[in-house]
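Novice: Throw the hints in and build the complete structure from the sequences for me.
Top line first, the protein sequences correspond to chains A and B.
One point on numbering: in my numbering, the residue at position 80 of the first sequence is 80, and numbering is uninterrupted.
One point on numbering: in my numbering, the residue at position 129 of the second sequence is 129, and numbering is uninterrupted.
Possibly wrong hints are sitting among the right ones.
Which residues of chain A face chain B? A partial, calculated answer using Cβ under 10 angstroms [as the list claims (entries may be wrong)]:
no.	residue
1	Leu3
2	Leu15
3	Ala18
4	Val23
Residues from chain A that keep clear of chain B, each with C-beta distances beyond 12 angstroms, as calculated [said to hold, decoys possible]:
no.	residue
5	Ala26
6	Val40
7	Glu44
8	Ala47
9	Arg48
10	Ala51
11	Ile54
12	Asp56
13	Thr63
14	Tyr66
15	Val67
16	Ala68
17	Arg77
18	Arg79
Label-pair restraints from in silico Cβ distances [claimed, not checked]:
no.	chain 1	residue 1	chain 2	residue 2	range
19	A	Ala51	B	Asp90	29 to 37 angstroms
20	A	Asp56	B	Ser10	41 to 49 angstroms
21	A	Glu20	B	Asp68	24 to 32 angstroms
22	B	Glu153	A	Arg48	49 to 57 angstroms
Worth flagging that the hints you see were computed from the coordinates, not collected in a lab.
C-beta: ideal position from N, C-alpha, C; glycine also.
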Amino acid sequence: MTLDQDRIAQLLGALPPAPEAWVRAAQELPRARQELDEIVARAEADARFRAALIADLESALATEGYVADERTLERLRTRFSA
Amino acid sequence: MAQVTLASLSDAQLVARCRDGDGDAWNELVSRFSRYVYGIAMQAFRLPEQDAEDVFQECFSRVYEHLDKLRDDAALRPWIAQLTRRLCIDRLRGGREQPTEPDALPLGVDDALEQLDEAMTVHDALATLSDDCREILDRFFAQDQSYRAIGEELDLPAGTIASRISRCLNKLRAELEGKNLGGSTV
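Specialist: Next up, the structure:
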């Protein structure tokens, strides 16, 4: 199919970049997923850590040195809601 | 492997590398389809930004989780389009119990999806041009930068920008010759 330059220009303009922060967050998914799996596995093996997560999720994670993003926190809240 | 090399991989090759746990390949996959997913959510479905961001992240999350289940690796684009479309429709339901009927979608969604699919084909062709051409065309048309801003960013005399854009558009047009635009289904 032949396109004239105006149409090509229009189509180029139809795909502006997504916000960089969105792209970075999506690129971080494998790392975030790995961290989530690690926290869940640890909570299943360690009753005290699990109780701490249920009592105060964010504090318990911070105490153990985890820096979880909002999406990971949401998944953990769902999993460890009291 | 460097990003430049990954950018030249086909979708199927990229999927194969992602399945092998190649983090750089995943970064390239997200980068390659980020504009498409963003465009479907923001332009076609006109979701509010917060909803569009949730759809964007959920889409790539599902792609990551279900990459193993993709039957035809070359069909990555239509799969992502379908996934994004479904997530947008779920958002539009807004928690209502009744599912949204296809004819209840916002006017113009189908036309917008078709245009975005064509735009992706043009964008794919853009990736085959030189870095200089890719950069200047993307900055001018997709990022809406002025001649002056492009000149400053790329260290080019502003007076040469228009002719470079024209030359690069010609190259892109030549690259697109023979391609079947709109051949993919959203």
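Novice: It remains to establish, for every hint, whether it holds in the given structure.
Specialist: Consistency of the hints with the structure:
With a least beta-carbon distance of about 6 angstroms to chain B, the hint placing Leu3(A) at the interface is held under the 10 angstroms criterion. Hint on Leu15(A) holds. Least Cβ distance to chain B is approximately 4 angstroms, under the 10 angstroms limit. For Ala18(A), the suggested interface contact is upheld, since its CB lies about 4 angstroms from the closest CB of chain B, less than 10 angstroms. For Val23(A), the interface hint holds, since its Cβ comes within 10 angstroms of a Cβ in chain B; the closest pair sits about 5 angstroms apart.
With 12 angstroms as the threshold on Cβ separation, the claim that Ala26(A) sits away from chain B is violated: the shortest Cβ distance comes to roughly 4 angstroms. For Val40(A), the condition that its CB be more than 12 angstroms from all CB atoms of chain B holds, with the nearest at approximately 15 angstroms. Look at Glu44(A): its CB is around 20 angstroms from the nearest CB on chain B, clear of 12 angstroms, so calling it non-interface holds up. With a least beta-carbon separation of about 29 angstroms from chain B, Ala47(A) lies farther than 12 angstroms from that chain, consistent with its non-interface assignment.
The Cβ of Arg48(A) sits about 30 angstroms from the closest Cβ of chain B, beyond the 12 angstroms cut-off, so the non-interface label holds. Residue placement check: Ala51(A) keeps its beta carbon more than 12 angstroms from all beta carbons of chain B (closest about 28 angstroms). With 12 angstroms as the threshold on Cβ separation, the claim that Ile54(A) sits away from chain B holds: the shortest Cβ distance comes to roughly 24 angstroms. Look at Asp56(A): its CB is around 25 angstroms from the nearest CB on chain B, clear of 12 angstroms, so calling it non-interface holds up.
The non-interface label for Thr63(A) is consistent with chain B: the shortest C-beta to C-beta separation is roughly 27 angstroms, beyond 12 angstroms. Every beta carbon of chain B lies more than 12 angstroms from that of Tyr66(A), the smallest distance being close to 19 angstroms; the non-interface claim holds. Every Cβ of chain B is farther than 12 angstroms from the Cβ of Val67(A); the closest lies at roughly 18 angstroms, confirming the non-interface assignment. Every beta carbon of chain B lies more than 12 angstroms from that of Ala68(A), the smallest distance being close to 14 angstroms; the non-interface claim holds.
Non-interface status of Arg77(A) relative to chain B is upheld: no Cβ of that chain comes within 12 angstroms, the nearest being about 16 angstroms off. Listed as a non-interface residue, Arg79(A) keeps its Cβ farther than 12 angstroms from every Cβ of chain B; the least gap is roughly 15 angstroms. The hinted range of 29 to 37 angstroms is satisfied by Ala51(A) and Asp90(B), whose Cβ atoms lie roughly 35 angstroms apart. Under the hint 41 to 49 angstroms, the C-beta atoms of Asp56(A) and Ser10(B), about 48 angstroms apart, fit the expected range.
With their beta carbons about 29 angstroms apart, Glu20(A) and Asp68(B) fall inside the hinted range of 24 to 32 angstroms. The hinted range of 49 to 57 angstroms is satisfied by Glu153(B) and Arg48(A), whose Cβ atoms lie roughly 54 angstroms apart.
Consistency note: the structure conflicts with earlier hint 5 alone.
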